[in-house]
Amino acid sequence: MIEFVFILPIITGLVALSLPAPMGRVLLLITAFLHLPLSIITWMGKLTPTYPHLFSSSPEGLLILLLTSFIFACISIYSFSYVDETVIANKPVFNCCMMLFLGTMSMVTLSDHPIVLWIAIEATTLVSAPLIFIHRSREALEATWKYVIICSVGIALALLGCFFITLSMDIGNIDTSLTFSALYDVATKLDPLWLKAGFIFVVIGFGTKMGLAPMHTWLPDAHSQAPSPASALLSGALLNCAFLGIYKVHVLMAVAGLQEFSGNVLIGFGLVSMFVGAIFIISQPDYKRMLAYSSIKNMGIISFGVGIGGFALYGAFLHILHHSLIKSSLFLSAGNILLAFGTKRVQRIGRVINYLPKTFVSFFAGFIGISGLPPFGLFISEVIIIIGAFQQQHYISVGLFLVALTLVFAGAGRIFMSLSFGEYSEKIEVGERPLRLLPPYALLLASAVLCVWIPDVVYAAILDSIKMIGGTFHG
Amino acid sequence: MESYLSLAIAILAAPLFPGIILKVKAFFAGKKGPPLLIKYYTLAKLLQKGSVYSNSTSFVFTLGPTVSLASALVVLLFFPFAGADPLFSFHGDVIVLFYLMAIGRFFTVIAALDTASPFEGMGAAREVFFSTLAEATIFTILILFYRLNGSLSFAEYFTGENPISLAGASGALLLFAIVSLFMVLLTENSRVPVDDPATHLELTMIHEVMILDHSGPDLALIELGAFYKLFFYSAFITHLMYPFTLAHGISNGVIFYIIIAIIYGAVGMTESIMARYKMNLVPKFILTSFALVFFAAILTMGVFQ
Amino acid sequence: MINFTEAILVIILLSVLFSLGSTRLLALVRIMVLQGVAVSLIPLFLKDHGTLGSGPIIFFQVMILIKGVLIPALLYLAVKRVAIKREIEPFIGYHASIMTGLVIILVSVFITNHLRLSLPTGQATLLIAAITTMASGFFLMMARKKAITQVIGYLMLENGIYLIGTALTKHSHTLYIVEFGVLLDLLVGVMIMGIILNNINTAFDDVDTTLLGRLKD
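Chains as they are written, first to last, in our numbering: chain A, 1 to 475; chain B, 1 to 305; chain C, 1 to 217.
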């Protein structure tokens with residue numbers, strides 16, 4: 001009953017819709033902490049799928065499932081306090097959509113059938129749109145509209161990509177069940193032309209959802225308008241799920257012997273995303289948008305790493321883990337700042353270090369982490385990607401990569417400094433609460449720990465995920 | 001014999017059908033409407049009257065009605081009504097005929113300008129502008145038919161060995177041609193939504209304003225020419241919709257006139273349910289008709305070979 | 001007798017062209033009814049599908065119901081509710097739009113002719129119509145300002161994708177693939193519901209996406 005992993009949050013989510021908000025909050029917490037052990041049990045392989053032709057547990061899927069579950073647990077603690085302190089017109093809808101969001105994302109990680117994967121990703125769009133619109137302002141409406149329209153076009157193109165993949169099956173006269181695991185076995189018999197076309201459309205389609213430039217335009221708006229727990233979830237979990245869709249097709253390409261083509265496509269999108277992220281960060285007046293552009297940049301790095309393959313692929317998977325942990329922590333800290341100062345404009349905020357000392361610690365540590373400095377994991381993952389790229393002789397790409405990293409560091413540094421030590425003389429609205437401090441700390445701690453010590457099971461899972469396409473740890 | 005007979009019937013019957021348009025419009029308006037033969041009565045009335053000529057006009061003014069009627073009549077001589085062989089036919093006659101109709105229009109325009117009335121000049125400008133646009137559509141239709149059928153004459157289009165019709169090999173494409181030809185019909189014959197023959201304000205007129213100064217028999221000639229032109233376009237569409245290749249003289253004729261009546265009814269319906277376009281939207285309307293046949297022409301190059 | 005598949009395809013192309021040139025929203029909604037019904041009828045007339053079981057027949061009827069009745073009804077409601085009587089003011093004018101339509105079909109013919117080698121036979125026209133519909137939908141989304149016209153553009157895009165799926169895939173799989181395109185209609189429905197329910201008419205003067213332009217860098 002592996003399906004229970006995503007059925008549970010969906011059921012509790014629907015139940016929460018009928019409950020009053022305080023009980024819904026408790027239910028959110030309960031769901032999160034039921035989902036976490038459930039994911040761990042799945043991870044240990046104790047659950048078998050009831051519909052093996054639709055769902056199965058792949059190592060990369062499980063990795064992202066566990067990550068999502070952990071982040072969601074932290075966010076649920078945070079939102080337990082956060083929702084109470086902000087004005088949200090319809091709190092049951094918030095609770096419901098958070099849980100449905102978790103459910104659909106878990107479904108993405110477990111699906112093995114391209115169409116089921118596609119349906120699940122479409123469902124994430126549908127259930128997360130109300131989260132972005134939750135404040136019901138004009139800006140929120142605009143952000144939601146952009147999110148729905150742009151992601152819908154993306155999802156439509158991804159469906160076209162799936163058509164092309166099935167067409168390549170038809171042309172190759174292959175009669176097998178349409179699942180990724182079955183397709184990997186017959187990959188070499190697929191028609192390469194249509195497979196390439198399918199890959200391009202899938203990358204454009206799911207890449208829209210993942211925030212790859214130039215299809216990223218919805219992302220900064222949605223992330224800045226959504227309430228902070230939802231932003232953290234969007235950035236830390238949803239982007240990974242969309243990545244999973246691309247990765248599965250990339251593996252299919254690699255098994256079919258087209259790794260060079262798909263790798264180059266991913267490298268191209270990766271570099272463009274990095275630069276778009278870096279350039280828009282530099283003079284960004286809104287700190288949540290700044291974090292959103294940082295997500296775009298990091299998705300670019302991941303896609304770059306996966307495109308290069310080999311050792312860099314390992315780095316890319318590490319990058320996924322650490323980026324999710326650190327970025328969701330940063331969004332939660334940003335939520336604390338937003339609650340206290342009531343604005344997202346960097347110029348109207350200052351002296352966070354005096355007013356919110358504990359948030360300052362997590363926020364600044366997050367900045368260190370996201371800039372790729374030790375003791376946080378992005379340091380290691382970026383170094384590995386760079387080494388991997390050097391091994392594959394992508395010297396120009398590495399040069400561009402480093403320039404982008406420097407730009408981001410400069411841009412983000414300016415904003416962090418201005419927030420932390422800038423001028424501010426008025427009173428703050430809401431102080432700090434332990435429930436809103438613990439989760440960002442926990443997430444950062446997880447990243448720091450994973451930086452110095454990776455548990456063997458996680459290490460093995462990453463190696464399992466990448467061995468299909470020749471990724472190794474020893475280069 | 002059959003050719004003469006069908007031509008004679010067509011020439012005699014042409015003024016009957018505009019009566020159908022009036023009937024349909026009256027039906028939509030919930031009125032009884034004028035009798036079906038109203039146009040015959042009008043023609044008879046006009047022919048009995050005398051003509052009034054302005055002092056400022058020259059012989060050009062009197063030439064206009066005659067030439068426009070003559071050009072419309074000549075076109076009918078070449079058309080295979082209900083599948084009967086036309087009186088004349090040669091390779092390339094369609095091009096000659098469409099330009100013959102243009103000559104008719106040219107003389108109407110020049111007669112309008114001859115009156116030196118500002119209204120008539122305005123109407124002439126509009127008429128020429130819109131028919132220039134419609135010409136693009138007509139010639140794309142001819143290109144399309146050439147691709148389908150390889151000929152350039154009405155007789156070969158409809159009575160040749162590979163007739164163009166909806167039921168033919170690439171008949172689906174003719175849907176495009178029929179729709180756009182219907183749009184051209186509305187444009188060329190000054191019907192709603194391009195022009196409103198029933199309007200009373202000179203500023204909004206296109207065709208009617210050009211013939212304001214004509215009276216009596218002159219006006220009758222112009223009206224008759226207009227009836228023939230409309231009849232020609234309707235017959236053209238009719239032939240695209242139904243193939244009249246089999247030699248069943250009588251039944252062909254009946255079907256032909258039934259379909260013609262339906263097309264006139266459609267014109268009447270269009271006039272009843274649509275308002276006239278603003279002047280600046282008319283080019284878009286004509287352009288759409290061009291785009292439609294262009295679509296079809298492209299498709300013949302792609303797959304319908 | 002007349003070839004029904006081709007006739008329907010021509011109707012679809014006609015609807016695409018008219019939608020590019022239509023100035024009134026209600027006319028656009030009516031065109032979408034025609035297009036929706038035509039698109040859902042296509043699979044019934046394709047030759048190589050042989051005899052259809054009762055399952056697919058019911059499915060196609062549901063398709064017609066969704067594409068031809070449900071979605072247009074929602075669109076109609078939205079147009080009425082938001083009370084847009086004015087003509088749509090486009091970013092790209094109507095003449096230019098129609099010309100773009102011509103260019104699009106030229107390009108689709110070109111593409112299809114180049115792909116024909118690896119296609120199931122006899123479906124080239126279907127592919128031309130499909131690519132044209134899809135590309136025109138894209139174009140409509142970019143060229144029009146009103147939110148509701150963008151949704152209609154998306155609907156066209158989706159119809160095009162459904163047609164491409166029908167043209168390209170055989171129905172030999174045990175699980176239907178193309179039919180899941182219907183789920184995209186769900187998104188369309190959600191977008192329209194968004195327009196209707198979110199009181200865009202009270203928040204804005206009208207549903208104009210240029211008014212949705214406050215979030216910028």
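Worth flagging that the hints you see were computed from the coordinates, not collected in a lab. Wrong hints could be hidden among the right ones.
Cross-link-like lysine-lysine pairs, in silico, DSSO-like; alpha carbons within 27 Å at most [as the list claims (entries may be wrong)]:
| no. | chain 1 | residue 1 | chain 2 | residue 2 |
| --- | --- | --- | --- | --- |
| 1 | C | LYS80 | B | LYS32 |
| 2 | A | LYS467 | A | LYS358 |
| 3 | A | LYS91 | A | LYS467 |
| 4 | A | LYS467 | A | LYS46 |
| 5 | A | LYS358 | A | LYS344 |
| 6 | B | LYS45 | B | LYS278 |
| 7 | C | LYS145 | B | LYS284 |
| 8 | A | LYS344 | A | LYS427 |
| 9 | C | LYS145 | B | LYS278 |
Each pair of labels, with its calculated beta carbon distance range [to be verified]:
| no. | chain 1 | residue 1 | chain 2 | residue 2 | range |
| --- | --- | --- | --- | --- | --- |
| 10 | C | ARG81 | A | VAL383 | 54 to 60 Å |
| 11 | B | HIS91 | C | VAL69 | 49 to 55 Å |
| 12 | B | MET279 | A | PRO214 | 37 to 43 Å |
Idealized CB from N, CA, C, for every residue including glycine.
Going down the list of hints, with the structure as the test:
1. Between the alpha carbons of C/LYS80 and B/LYS32 the distance comes to roughly 35 Å, so the proposed pair goes past 27 Å and is violated.
2. Restraint check: the Cα-Cα separation between A/LYS467 and A/LYS358 comes to about 42 Å, which exceeds 27 Å; the hinted pair is violated.
3. A C-alpha spacing of about 44 Å is found between A/LYS91 and A/LYS467, which places the hinted pair above 27 Å, so the restraint is violated.
4. For the suggested pair A/LYS467 and A/LYS46, the alpha carbons sit about 23 Å apart, so the restraint of at most 27 Å is met.
5. Note on A/LYS358 and A/LYS344: the hinted pairing holds, with a Cα-Cα distance of about 19 Å set against a maximum of 27 Å.
6. Restraint check: the Cα-Cα separation between B/LYS45 and B/LYS278 comes to about 34 Å, which exceeds 27 Å; the hinted pair is violated.
7. The suggested pairing of C/LYS145 with B/LYS284 holds, with an alpha-carbon distance near 19 Å, which does not exceed 27 Å.
8. A distance of roughly 16 Å separates the Cα atoms of A/LYS344 and A/LYS427; the hinted pair therefore holds under the 27 Å criterion.
9. A C-alpha spacing of about 22 Å is found between C/LYS145 and B/LYS278, which places the hinted pair at or below 27 Å, so the restraint holds.
10. A C-beta distance of roughly 56 Å is found between C/ARG81 and A/VAL383, which places it inside the suggested range of 54 to 60 Å.
11. The beta-carbon spacing between B/HIS91 and C/VAL69, approximately 51 Å, falls within the hinted interval of 49 to 55 Å.
12. Between B/MET279 and A/PRO214 the beta carbons are some 42 Å apart, a value that agrees with the proposed interval 37 to 43 Å.
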